[in-house]
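Asker: Sequence:
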Amino acid sequence: MPDAKKDIERNKKQVMEKRQKGELITTEEPPSSSHGAFWEHSWRIKNFKNEYQSFVKCKLCHEILSYSMVNGTSTISNHVKNCLNKFSKPNNNKTLDDFVSKAAQVNVLAEHKRSITVACAKFCSFDLRPCSIVKGVGSSTLCQSLINLGYQHGQAKLGAPSVNLLLPEPTNVSRTVSQIAQEYRENLKNMLKNDLQSVKLIGISTDYWKNSGTSESYLTVNIHYSKNEQLVTYMLLGVSIYIYFHLIYS
1 MPDAKKDIER
11 NKKQVMEKRQ
21 KGELITTEEP
31 PSSSHGAFWE
41 HSWRIKNFKN
51 EYQSFVKCKL
61 CHEILSYSMV
71 NGTSTISNHV
81 KNCLNKFSKP
91 NNNKTLDDFV
101 SKAAQVNVLA
111 EHKRSITVAC
121 AKFCSFDLRP
131 CSIVKGVGSS
141 TLCQSLINLG
151 YQHGQAKLGA
161 PSVNLLLPEP
171 TNVSRTVSQI
181 AQEYRENLKN
191 MLKNDLQSVK
201 LIGISTDYWK
211 NSGTSESYLT
221 VNIHYSKNEQ
231 LVTYMLLGVS
241 IYIYFHLIYS
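Under full-length UniProt numbering, the first residue of the sequence shown is numbered 1, with each subsequent residue one higher.
Since the hints were derived computationally from the structure, they do not count as laboratory data.
Glycine included, each C-beta is placed from N, C-alpha and C at the ideal position.
When the alpha-carbon atoms are kept at most 27 Å apart in a straight line, the in silico BS3-like pairs for lysine-lysine are as follows:
1) Lys59 with Lys5
2) Lys6 with Lys81
3) Lys200 with Lys227
4) Lys189 with Lys18
5) Lys122 with Lys135
6) Lys189 with Lys21
7) Lys189 with Lys122
8) Lys113 with Lys86
9) Lys113 with Lys59
10) Lys193 with Lys227
11) Lys6 with Lys18
12) Lys122 with Lys49
13) Lys18 with Lys193
14) Lys21 with Lys113
15) Lys18 with Lys122
16) Lys81 with Lys13
17) Lys49 with Lys227
18) Lys12 with Lys49
19) Lys113 with Lys12
The calculated label-pair distances, taken between Cβ atoms and stated as ranges, are:
20) Glu229 with Ser174: 36 to 42 Å
21) Arg175 with Glu29: 32 to 38 Å
22) Asp127 with Thr75: 41 to 47 Å
With these hints in hand, go ahead and build the complete structure from the sequences.
Answerer: What follows is the structure, encoded as structure tokens:
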């Protein structure tokens, strides 16, 4: 295999791994310099800094394809054309109803399940909800309704996947919450180390608040400083009052 092709495959693998970790997202926005009809069936891939990767994802078969303005779009265009021909080709042995009736058997890629797990972990963390909520009847009903709506207005009519195939186990959500929390802590530490090298004055404050959903009380420690003439505030520590007093008096 030529070195250039090896590099593409290696970079493609890295993009897929980052997609599974939730570090990259897809967008339907086509490049301003390209106006091919095939972009209707392709996603571009970018990070949270809006930096686009040299790969796109086919909406029809979900394959990751190499893309750069230098090399052109003929590969992507031909790929999408082949996918459209394949999906529109009649099958003498099966009807459309055969596929629709087997919606629960639609295959869900590992990277898609991972992105759902990351989303569930952030939902539980940011909204202070228990990890077991992902298995609640109400949550499943809501998610299945959203899936059905997306399927109804989607372009590749292969059958809507069941919510049971997408929603992770609560233990998986809990584990992912810990992973994301550690990433946030490391990012915050690095950011503070960099900012505080040029900051002359800082302020430390405490805050007390109550979760309206659970009525649980929390105590936080915050840091304040000025950066580029803008006030910056970060929460350094957040702890449940119940847990705090339990640790002190136990």
